[in-house]
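Engineer: Residue numbers (numbering that gives the first Met the number 0), protein chains in the order written: chain A, 0 to 269; chain B, 0 to 272.
Derived from the structure by calculation, the hints contain no laboratory data. Values in this document were obtained by computation on a predicted structure and should not be read as measured data. Where a beta carbon is used, it is the ideal one built from N, C-alpha and C, also for glycine. It is possible that part of the hints are untrue.
Unchecked claim - Just the calculated beta-carbon pair ranges, DEER-fashion: (1) B:202 / A:36: 28 to 38 Å; (2) A:143 / B:172: 36 to 46 Å; (3) B:266 / A:80: 58 to 68 Å.
As the list claims (entries may be wrong) - In silico lysine-lysine, DSS-like type, Cα no more than 25 Å apart, as pairs: (4) B:19 / A:163; (5) A:201 / A:163; (6) A:232 / A:201; (7) A:232 / A:218; (8) A:247 / A:232; (9) A:26 / A:163; (10) A:35 / B:269; (11) A:163 / B:176; (12) B:23 / B:113.
Claimed, not checked - Stretches of chain B that chain A covers, calculated by requiring three or more beta carbons in the stretch to come under 8 Å of a beta carbon on chain A: (13) 39-51; (14) 120-127.
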Amino acid sequence: MAMQALTRCNAGQATAGRNDMAVLTVKDLRVRYSAKGPEILKGIDFEVEDDDFLAIIGPSGAGKSTLIRCVNRLVEPSGGSIHLLGEDVCSLNARALRGLRRNVGMIFQEFNLINRMSVMDNVLSGRLGYTGNIRSLFRAFPRKDVEQALYYLDRVGLSDHINKRADELSGGQRQRVGIARALMQAPKLLLLDEPTSALDPKISREVMALIRDIALELKVPALCNIHDVQLAKEFCNRIIGLQDGYKKFDGATDTLRDSDLDDIYAMEVL
Amino acid sequence: MAATDVNPTALSLQADLRRKRFLKMGLIWAIVLFFVAWCLQGTIIEDTDWARVGGRSGVLGSIGRYLTLDWGLLPELLIPTLETFMMACVGTVVGCFFSLPVAWLGAANVTPSKMILYPLGRFLMVLSRSVHEIVWALIFVSAVGLGALPGILAIAMRSVGFISKITAEAIENIDAKPVEAIRAVGGNQFQVMYYGILPQIYPVVLATVIFEWDINIRRSAVMGLVGAGGLGLLFFRQMNSFNYGGVSMVILAILLLIVLGEVISHYLRKAVI
Numbered sequence: 000m001a002m003q004a005l006t007r008c009n010a011g012q013a014t015a016g017r018n019d020m021a022v023l024t025v026k027d028l029r030v031r032y033s034a035k036g037p038e039i040l041k042g043i044d045f046e047v048e049d050d051d052f053l054a055i056i057g058p059s060g061a062g063k064s065t066l067i068r069c070v071n072r073l074v075e076p077s078g079g080s081i082h083l084l085g086e087d088v089c090s091l092n093a094r095a096l097r098g099l100r101r102n103v104g105m106i107f108q109e110f111n112l113i114n115r116m117s118v119m120d121n122v123l124s125g126r127l128g129y130t131g132n133i134r135s136l137f138r139a140f141p142r143k144d145v146e147q148a149l150y151y152l153d154r155v156g157l158s159d160h161i162n163k164r165a166d167e168l169s170g171g172q173r174q175r176v177g178i179a180r181a182l183m184q185a186p187k188l189l190l191l192d193e194p195t196s197a198l199d200p201k202i203s204r205e206v207m208a209l210i211r212d213i214a215l216e217l218k219v220p221a222l223c224n225i226h227d228v229q230l231a232k233e234f235c236n237r238i239i240g241l242q243d244g245y246k247k248f249d250g251a252t253d254t255l256r257d258s259d260l261d262d263i264y265a266m267e268v269l
Numbered sequence: 000m001a002a003t004d005v006n007p008t009a010l011s012l013q014a015d016l017r018r019k020r021f022l023k024m025g026l027i028w029a030i031v032l033f034f035v036a037w038c039l040q041g042t043i044i045e046d047t048d049w050a051r052v053g054g055r056s057g058v059l060g061s062i063g064r065y066l067t068l069d070w071g072l073l074p075e076l077l078i079p080t081l082e083t084f085m086m087a088c089v090g091t092v093v094g095c096f097f098s099l100p101v102a103w104l105g106a107a108n109v110t111p112s113k114m115i116l117y118p119l120g121r122f123l124m125v126l127s128r129s130v131h132e133i134v135w136a137l138i139f140v141s142a143v144g145l146g147a148l149p150g151i152l153a154i155a156m157r158s159v160g161f162i163s164k165i166t167a168e169a170i171e172n173i174d175a176k177p178v179e180a181i182r183a184v185g186g187n188q189f190q191v192m193y194y195g196i197l198p199q200i201y202p203v204v205l206a207t208v209i210f211e212w213d214i215n216i217r218r219s220a221v222m223g224l225v226g227a228g229g230l231g232l233l234f235f236r237q238m239n240s241f242n243y244g245g246v247s248m249v250i251l252a253i254l255l256l257i258v259l260g261e262v263i264s265h266y267l268r269k270a271v272i
């Protein structure tokens, strides 16, 4: 049953993917947090195609997190334009923005789970954008959402932990809850904000592989902040290099040379 | 090095320092003693009707009158005791109800307007606590008349300050990460509060409400002194008719009620945390 729902969902995405427009188009994106503060992003342009698994690499403070948060406007851009799924993100009102956000799954560095709730309730919270206030109040999610949640929990390997509290799990397991929550949104784009940097190297690789496999399976493009260049090379088809708010590199993974890396990380060497 | 070999300059500096400190301490003590004496003079010595106090036997005799118990009052105690308990419960619930919006206004990170509504929320918290429950009761007795209702309202108003202040502080101290996650899935304002904020603050809020309920039993016991229902009214009547045994009975009932509240809140708090 859940599988059928999933297949239908895939079919929908596949047709949407045939549009000639890129899923995400960012032009001259600028951000400053306060009027007098420094500019964090200084005119970034890039596109995400519908089969991209795009890595954003760069030293700490380069603006990776800010960039990714502009896409669903958790951070308000101060200039430039963002077009996502054919909509002008910056011009949306609060209601339309919520409608857009539910199409964008986000996975966080520190998982951002609700610790006092069960794994199941955390995963179901991915459906909140589609759920009315009364249902939310009683956590009365529709049966098909519960089925879908059980399917994804199985897919990420957490079938034995469904009713545990989120804070009882290990780091890797918590990130799997985060992944299942994002998938519940039936996302058309995945935003990954350093999904592995709170995890040890072995678990990091497993989690990245899981995310990539699911993204391929569901044909969802992904935009992934990552500071670990090895992981980026291994899992992503395209790489953008940021340094101090400027884009320093943009190309397929196999075109990234050591000299590019030296350029991107030049500031850190000093 | 012998004790006589010390540097004479260091020695004289030390002596100077110590003399100054001695004078300073002496001055502070003199001021404190003078202040206490002045207060005693103004309050106890001048203000007491020493003829009324009489001898030692007079004082002990007056206190001794309270040591009898008027068991005949027992049947009349039951209803007011119950009423006191109910006033405390309903007052706490109503107080919680009013605390929610006040906490929402007065928590810096969720307030709808930092310029106007945040200071208003903070002001309401201070107002609730700076007016004594008896004064609140007097206000509500004159507004809605005698009985338990003004008592309930007074308790509710007095509870708002503490509950909303603790709640607002809990909201200000939450971890912002789950809130970000709920915003990112497209949750609305209500869902962000209900899923992102509430699970983080509810243990603190519940413990505070139980604590406040415990205090409210004490408060509701004196509400009757100004005509706002409960045991206080009975207390007032016994006192006016010089039935000292009856007064003691009422005090005993209050004591039992408070012990009961203490026991219940102990177990409730254990269940919550």
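Engineer: For the pair we were handed, residue 23 (chain B) and residue 113 (chain B), check the Cα-Cα distance against 25 Å.
Structural biologist: Violated: residue 23 (chain B) and residue 113 (chain B) sit about 47 Å apart, past 25 Å.
Engineer: Would you check the hint for residue 19 (chain B) and residue 163 (chain A), treating anything up to 25 Å between C-alpha atoms as holding?
Structural biologist: This hinted pair is violated, its Cα atoms lying about 67 Å apart.
Engineer: Is residue 232 (chain A) close enough to residue 218 (chain A), meaning Cα to Cα at most 25 Å?
Structural biologist: 20 Å, holds
Engineer: Establish whether the coverage given for the region 120-127 of chain B by chain A is satisfied; the threshold is a Cβ-Cβ distance below 8 Å, and no fewer than three residues must meet it.
Structural biologist: violated (count 0)
Engineer: Please work out if residue 201 (chain A) and residue 163 (chain A) have their alpha carbons no farther apart than 25 Å.
Structural biologist: This hinted pair holds, its Cα atoms lying about 24 Å apart.
Engineer: 28 to 38 Å was suggested as the range; check whether the CB atoms of residue 202 (chain B) and residue 36 (chain A) agree with it.
Structural biologist: For residue 202 (chain B) and residue 36 (chain A) the Cβ distance comes to about 37 Å; the hint holds.
Engineer: Check whether the Cα positions of residue 26 (chain A) and residue 163 (chain A) lie no farther apart than 25 Å.
Structural biologist: 44 Å, violated
Engineer: Next pair to validate is residue 35 (chain A) with residue 269 (chain B); report whether the Cα-Cα distance is within 25 Å.
Structural biologist: 50 Å, violated
Engineer: With respect to the beta-carbon atoms only, verify the hint that residue 143 (chain A) and residue 172 (chain B) lie 36 to 46 Å apart.
Structural biologist: Taking Cβ atoms as reference, residue 143 (chain A) and residue 172 (chain B) lie about 37 Å apart, which means the hint holds.
Engineer: Take a quick look at whether residue 163 (chain A) and residue 176 (chain B) sit within 25 Å of each other, Cα to Cα.
Structural biologist: Distance of about 20 Å is within 25 Å: holds.
Engineer: Please test the hint of 58 to 68 Å on the beta carbon pair from residue 266 (chain B) and residue 80 (chain A).
Structural biologist: Because 60 Å falls inside the window, the suggested range holds.
Engineer: Go check the region 39-51 of chain B versus chain A for me, would you? Three or more residues, Cβ under 8 Å, otherwise it fails.
Structural biologist: violated (count 0)
In summary, the structure is inconsistent with hints 4, 9, 10, 12, 13 and 14 from the numbered list given earlier, while agreeing with the others.
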